[in-house]
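A.B. asks: Place chain G on chain C using the hints.
Sequence order for the protein chains is C and G. Read in order, the letters of the first sequence are residues 1 to 113 in this note's numbering. Read in order, the letters of the second sequence are residues 114 to 226 in this note's numbering.
Incorrect hints may have been included.
The list that follows gives simulated cross-link-like pairs (lysine to aspartate or glutamate, EDC-like), each with its CA atoms no further than 16 Å apart [to be verified]: (1) G/Lys150 <-> G/Asp197; (2) G/Lys150 <-> C/Glu59; (3) G/Lys184 <-> G/Glu115; (4) G/Lys181 <-> G/Asp130; (5) G/Lys218 <-> C/Glu59; (6) G/Lys155 <-> C/Asp38; (7) G/Lys218 <-> C/Asp38; (8) G/Lys221 <-> G/Glu152; (9) G/Lys218 <-> G/Glu118; (10) G/Lys221 <-> C/Asp38.
FYI, nobody ran anything at the bench for these hints, they're computed from the structure. Only a predicted model underlies this, so the values are computations on that prediction, with no experimental measurement involved.
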Amino acid sequence: DAGITQSPRHKVTETGTPVTLRCHQTENHRYMYWYRQDPGHGLRLIHYSYGVKDTDKGEVSDGYSVSRSKTEDFLLTLESATSSQTSVYFCAIRGVQTVDEQYFGPGTRLTVT
Amino acid sequence: GENVEQHPSTLSVQEGDSAVIKCTYSDSASNYFPWYKQELGKGPQLIIDIRSNVGEKKDQRIAVTLNKTAKHFSLHITETQPEDSAVYFCAAGAGAGSYQLTFGKGTKLSVIP
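Chain C extracted, bound-state conformation (with noise of 0.2 Å):
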């Protein structure tokens, strides 16, 4: 256990509305990441942040913005949600054993109507 949570695990929103995904580590990692799991498209990167305040762009970061005010906490924002954002969104941290392994949190479901 690397000591990720994600809230919440699922949500249900509609078209237009902002959401927001919350990512907590409990093990004061600086790099965070947050990727989308969709099927036939494996896990791609969203975003990524190497310390607080300090967030860069990945492979798709349309429509997506990050925040990160405090060590433990990453937050993924949807500023206005689209069909297209229906997903599973996962949250990762680097850091636990070595300097590149990579550990996932459980998953956020979000359903856009």
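C.D. replies: What follows is chain G alone, placed relative to chain C:
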């Protein structure tokens, strides 16, 4: 950017037989290659990884091989058991800077009792 291809997308084996999953990558700068196992409704779990200074690594029934010249790496599971049934993902990373991982699209392994 990096591109990771994974084959096959589905694999069925009889209990006790071996299973092999293969991945190729495109970026010669990649030097970290993890494998993840994902059970239904859970986050991906790191099961084994290999770095570019090693050609093979083994952990009980699981082994990974790496051919840097050909840019491919493989996961081998021997003496398969029903609990090995899951989706397996390979990934490649540059092991420096942001340590971003690029994932393959996954292989659904079914072990038939």
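A.B. asks: Which of the numbered hints are not met once you compare them with the structure shown?
C.D. replies: As far as the earlier hints go, 2 and 4 are violated by this structure, in ascending order.
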